[in-house]
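Asks: Letter by letter, the chains look like this.
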Amino acid sequence: MAKYKFQKKSNEPSDEFIRSKMDFNKILQQQQNLNNYKKATKPLYKNKFFLGFIILIGVICLVLIFDEESPQESQVKPLKDSVVIDSLKK
Amino acid sequence: METKHQTISELEAEWALVQKAQKDPALFAPLYTKYFKPIFLFIFRRISEEELAGDLTALVFSKALYNLHTYNYRGLPFSAWLYRIALNEIQAHYRQTKKERVVSFSSEALSILSQDIQEEEATQLQEEREQALLLTLEDLAEEEMVYIELRFFEGRSFKEIADIQQISENNAKVKTYRIIERLRKILIRK
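These protein sequence lines map, in sequence, to chains D and H. If you count the first sequence from 1, position 59 lands on 58 in numbering that gives the first Met the number 0, and the numbers rise without skipping. If you count the second sequence from 1, position 150 lands on 149 in numbering that gives the first Met the number 0, and the numbers rise without skipping.
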């Protein structure tokens with residue numbers, strides 16, 4: 000199939016016709032519609048509040064994880080000491 | 000051809016208008032009035048349907064207005080940015096409709112292109128040469144056809160082509176001459 004349709008320049012539309020197609024209010028309306036459409040279809044991950052919420056949850060999770068890990072470490076240390084003392088006594 | 004080279008002061012005055020429109024879309028009206036006709040004709044030559052050209056022109060301006068906050072002055076005319084959007088919309092239209100892309104030309108423009116491409120010793124008649132050239136143009140990619148249209152069928156300067164294609168003037172010259180060279184080789188092969 001041919002890619003292009005070659006044609007000799009036909010008469011271009013008159014100035015009057017072109018002027019009749021001008022409608023700035025329609026452009027403003029279309030721009031507003033585009034704005035509304037983009038807002039309505041904005042993906043969740045691009046939403047600042049959603050992103051902030053996810054980060055907050057992440058930070059809380061990290062704090063909880065590290066908070067739970069620290070007591071375990073303190074329990075292990077005395078155990079090690081007692082094992083050493085026991086072995087020395089023997 | 001409908002555009003002239005603008006002086007730096009004209010470009011800066013236009014940039015001032017754009018900045019105003021970036022703050023208040025209603026102030027885009029002077030730019031809309033100034034460029035509606037050139038953009039309409041630019042699209043019409045590539046679509047060949049008056050009503051559709053009107054619709055696509057409206058789409059170009061609403062997209063331009065929507066994206067106006069991203070526009071930055073880099074010493075290029077504002078019209079180059081609008082032509083760029085128009086080219087994208089034309090390509091999108093043909094992708095969607097899968098129709099043959101319309102290429103409009105005048106007899107004089109085709110004759111000039113034919114003379115530029117053909118070897119001097121070519122013995123064919125002018126009409127035969129032009130027919131052969133049209134068949135050869137069929138082998139060009141969409142991007143290459145844009146250069147041929149802008150340079151030969153619309154008679155734009157390399158500076159304008161460079162502004163529309165967002166490349167340097169030198170690069171525009173090199174690309175156009177490479178396409179001419181390619182056309183010449185295809186023509187010889189055929």
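Just so you know, the hints here were simulated from the structure itself, not pulled from any lab data. Just so you know, not all the hints are guaranteed correct.
[Claimed, not checked] Calculated lysine-lysine pairs in the DSSO-like style (CA-CA distance at most 27 Å, straight line):
1. D:Lys47 x D:Lys37
2. D:Lys20 x H:Lys184
3. H:Lys22 x D:Lys37
Asks: So, for every hint listed, does it hold in this structure?
Replies: A quick look at each hint next to the structure:
1. D:Lys47 x D:Lys37: Cα-Cα ~15 Å, so holds.
2. D:Lys20 x H:Lys184: Since the Cα atoms of Lys20 (chain D) and Lys184 (chain H) sit roughly 44 Å apart, the hinted pair is violated (cutoff 27 Å).
3. H:Lys22 x D:Lys37: holds, 19 Å
The structure is inconsistent with hint 2 alone, although it conforms to all the rest.
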